[in-house]
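J.: Those protein sequence lines, which keep their order, are chains A and B.
The first sequence lines up with residues 1 to 339 when you count with our numbering.
The second sequence lines up with residues 340 to 597 when you count with our numbering.
The hints are simulated quantities; they were obtained by calculation from the structure and are not laboratory data.
Glycine included, C-beta positions come from ideal geometry on N, C-alpha and C.
Certain hints may be false.
Stated by the list, open to error - To spell it out: a stretch of chain A is covered by chain B in this simulated footprint if at least three of its residues, at any positions, have a beta carbon under 8 Å from a beta carbon of chain B; those stretches are:
(1) 62-72
(2) 76-82
(3) 114-128
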Amino acid sequence: MTISIRSVEKKFGRYPALNKVDLEIADGELLALLGPSGSGKTTLLRTIAGLEFPDAGQVLFDGEDVTFASAAARRVGFVFQQYALFKHMTVAKNIAFGLDVRKGGDKRSKDEIARRVEDLLKLVELEGLGKRYPSQLSGGQRQRVALSRALAVQPSVLLLDEPFGALDATVRKSLRRELRRVHDATGVTTIFVTHDQEEALELADRVAILNQGRIEQLGTPDQVHDHPETAFVCGFVGEANRFEGHVSGGRFAAGSVTLPAAGAADGPAVAFVRPHDLVLDDAGFEVRVERAHVQGPLTAVSATTLDGRRLDISAARADAARFTGSVKLSARKAHVYAA
Amino acid sequence: MGVTVTVLSLIVLIPLSAVVLKAAEQSPAEFWAVATSERALAAYRLSFGAAFVAAAINGVFGVLTAWVLVRYDFPLKTVVNALVDLPFALPTAVAGIALATLYAPTGWVGQFLTPLGIKAAYNPVGVVIALAFIGLPFVVRTIEPVLRDAAADVEEAAASLGASRIQTIIRIVAPALAPAWLTGFAMAFARGVGEYGSVIFIAGNMPYKSEIAPLLIIIQLEQFEYARAATIAVVMLAVSFTMLLVINAVQAWARRFD
Chain A
1 MTISIRSVEK
11 KFGRYPALNK
21 VDLEIADGEL
31 LALLGPSGSG
41 KTTLLRTIAG
51 LEFPDAGQVL
61 FDGEDVTFAS
71 AAARRVGFVF
81 QQYALFKHMT
91 VAKNIAFGLD
101 VRKGGDKRSK
111 DEIARRVEDL
121 LKLVELEGLG
131 KRYPSQLSGG
141 QRQRVALSRA
151 LAVQPSVLLL
161 DEPFGALDAT
171 VRKSLRRELR
181 RVHDATGVTT
191 IFVTHDQEEA
201 LELADRVAIL
211 NQGRIEQLGT
221 PDQVHDHPET
231 AFVCGFVGEA
241 NRFEGHVSGG
251 RFAAGSVTLP
261 AAGAADGPAV
271 AFVRPHDLVL
281 DDAGFEVRVE
291 RAHVQGPLTA
301 VSATTLDGRR
311 LDISAARADA
321 ARFTGSVKLS
331 ARKAHVYAA
Chain B
340 MGVTVTVLSL
350 IVLIPLSAVV
360 LKAAEQSPAE
370 FWAVATSERA
380 LAAYRLSFGA
390 AFVAAAINGV
400 FGVLTAWVLV
410 RYDFPLKTVV
420 NALVDLPFAL
430 PTAVAGIALA
440 TLYAPTGWVG
450 QFLTPLGIKA
460 AYNPVGVVIA
470 LAFIGLPFVV
480 RTIEPVLRDA
490 AADVEEAAAS
500 LGASRIQTII
510 RIVAPALAPA
520 WLTGFAMAFA
530 RGVGEYGSVI
540 FIAGNMPYKS
550 EIAPLLIIIQ
560 LEQFEYARAA
570 TIAVVMLAVS
580 FTMLLVINAV
590 QAWARRFD
């Protein structure tokens, strides 16, 4: 199922939640909608689902206009942030619900539904828990039930709203892999919303970064991380030190800090440097090291520049001893945007 | 635990056992004769029957009221919200006089019912009206928080899975509300059985027809027939207690998923 979003706009009162959003999603793709809260990512997901209807623009599924079709008519599987399980039904009944409510020619026999429920429980590794109630499950297990309930109706597209938001870090990690595995096993086009860049970069084929109701950048995780197109994306994806200053003659300067800015136009600008792009260099600018601590194979260094700006540097463990007192640094690479 | 038992004993158990002891002053035959006299039976029927009908009416309209209060915004909502609590706060005699005036054949409402052949005061219908008035807030206020907590996403989930609006209400919303609904129903019913002040003004209080059991107890007391009064009280106690036990059991079943 390919999905096309064309100039979709949506306002809540006078607050624009979506501002002329265009997006093409390929068949079988796993796409992340990444952005801070209030960026419109959930509204976009709900618009694709048919739980929200746009004020202007179109939503196409396989070229067919479904802009005002209901969620059920679109055959979407939706996984809610708080799972939205039916707590008075057993796990098996929850999963079977979408098949149980069918009428007429679509109706499935009891045996068929029971088999499908078993298959799905196996898929999300919850065999034997079909008779439990949601209140008897852990958060991670509830999320798996929500996922298999959405998959039971064989949706044309699977939509997940902050699927791992309410879970603790370890469960989150394992469920992420689980979602990837389920996606690869079913091949269903999948879109999920998250504010966690790590999650988006790890899981998705492509990431759409939203800010204030617009898509700032759409690309593979590598593209958005290594080649951010806007200052917002650069600041939001990956860690970065941010400087406000001026560009002149291909160099960016902010106080004592100078950074390479080849190709950037002269004038006021914002620059971002990744912590791992800062290296020791006797010809560089001076900083005072405040603290250095181990971070896996790396050393994370906090420093301040001569004019008091805070800096994060990430260096090889072998160089840890050299980060004491005053050191000189330069940036291998900086992302510079006209302010 | 000790405090609970002490308070419960002082406030509930000791007075209730006093009633039982008082009733026990009679011989079993006397007790049985008083408890099952024609007039007493009619009074039980009216008290429990009218309380049940009123609680059932509130079961329907209380849910609608709670639904509207939770799901919709409208002008004067705070006023309507406060009005729902009025039966809690109003002295019951005031409510009874007001209702009797409204529903009397010449009253504001009664005058329109009389041509239709409906007599809404001074008969069992009047009793039901009074009890429905008294019981409404119990249902509304127990349903409301549950309805507010029942996140809209559960209904959206059902809709996205292909359920129609009616299927969603029957299979998702209603079962989630059932335990709170039963609680509200039980409280409205219990209150209705014990209600006195608001009923006696509108009931007409004709023996065998529109005389409620609490009134019968008062009448016996006024005639210094303390044992007889206690007898009727014991019967009401037993029936009420049994009904509440049954409702609690049903509730526990409806909550089995928690």
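J.: Looking at the structure, which of the earlier hints fail to hold?
T.: When the structure is compared with the hints, only number 3 turns out to be violated.
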